[in-house]
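Generate coordinates for the entire structure from the input sequences, incorporating the hints supplied.
Counting the sequence shown from 1 gives a position; this note's numbering is that position plus 49.
Each hint should be verified, as a subset may be incorrect.
Here are the simulated distance ranges between beta carbons [said to hold, decoys possible]:
no., residue 1, residue 2, range
1, Glu-324, Tyr-219, 31 to 41 Å
2, Glu-290, Asp-130, 37 to 47 Å
3, Gly-248, Phe-174, 12 to 22 Å
Honestly, the hints are just simulated from the structure, not real lab data.
C-beta atoms are modelled at their ideal positions from N, C-alpha and C, and glycine is treated no differently.
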Amino acid sequence: FFLICSSSCVMSFENFKKHYKAGLNAEELKKNRENDQFSLRKKKRYENMKKRRNIGVQLTPDVSQRYMDEMPQLLAMIMSDQRDAQTEATRKIRMVLSLEDNPPIEQVVMSTGLIARLVLFLDCFDSPQLQLEAAWCLTNIASGTGECTQHIVQSGVIQAFVKLLSTTMYDDIKEQAIWGLGNIAGDCTQFRDLVLQAGALKPLCNQIHESSKLTMLRNATWALSNFSRGKPLPPMDIIQEILVWLCKLVYRDEDEEIMIEALWAFSYLTEGSEEVVGEILRSGVARRITDSLLHNRVVCTLGSMRSTCVIIFYIGDKNTCSSNSGKYCGGK
50 FFLICSSSCV MSFENFKKHY KAGLNAEELK KNRENDQFSL RKKKRYENMK
100 KRRNIGVQLT PDVSQRYMDE MPQLLAMIMS DQRDAQTEAT RKIRMVLSLE
150 DNPPIEQVVM STGLIARLVL FLDCFDSPQL QLEAAWCLTN IASGTGECTQ
200 HIVQSGVIQA FVKLLSTTMY DDIKEQAIWG LGNIAGDCTQ FRDLVLQAGA
250 LKPLCNQIHE SSKLTMLRNA TWALSNFSRG KPLPPMDIIQ EILVWLCKLV
300 YRDEDEEIMI EALWAFSYLT EGSEEVVGEI LRSGVARRIT DSLLHNRVVC
350 TLGSMRSTCV IIFYIGDKNT CSSNSGKYCG GK
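Right under this line is the structure:
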């Protein structure tokens, strides 16, 4: 692999794509057509990496339907000023939204006044259980369609999640806030930028630094990868701060899920400008990325391969520039 890549480094990435396409024969094109179905499945898995739903304990179909039929009563309980009633109703709605198959997210979102009330509950520091249930509901709503995510974003959920993450003393609530922010950032570049502008990066990185809870670290690394996803990339000062933590997380050998999320984050960042690729090379983490090509899990090697290919062509272009001008033009 590396011998082939080394010999290819003298051509630019665009030239590589041109020569590659020109070399395809009829048999290869036929094979590509036969692989269309697989490619679509792979694309779906890739898209599913952007958002996650907190499933939890599953309801039976009859109980789920009963809760949905009770929605007018549940809304009345949520709109009341009784904490116990608010918490119980929010818990039931959370369980409906946590159904593994076909959760009625759109139906819940359309319930008049519900989203605004759930966002308000995030500020109820006198009732941590209500905060957790509301955060869980909003996280699962953010895992739905772009329209559902937009609805909660317009209700001020980003600022509420950031405040919750920055101030609560309960790990379960912090983790849920991180999960919600990760889902929102993974929806689109516009929402990712809103999450970053709201100051989500600092309290998230604080949790990576302070927490020893494994699920917290996994969710935080995944959210960090969503902060790195999309074009255009975030501003360079944000990228540099993200890189500081990714360079630590990618060496977490004790948990491969954390390492895999970090590798995918690097793959998203390498899709940006040459300046970003140069920052990654200067961080000294390129060897770790390329070594991960030998990992026994495909999802890990795919993330590594995306980054490695970009890095190789970046170095190749710089070496070509150097040979043409007699000067070194960057890379490492």
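These are the hints, each one checked on the structure:
1. About 40 Å separates the C-beta atoms of Glu-324 and Tyr-219, a value consistent with the hinted range of 31 to 41 Å.
2. Remark: the range hint 37 to 47 Å for Glu-290 to Asp-130 is upheld by a beta-carbon distance near 42 Å.
3. Our hint of 12 to 22 Å for Gly-248 and Phe-174 holds, since their Cβ atoms are close to 19 Å apart.
No hint from the list above goes unmet by this structure.
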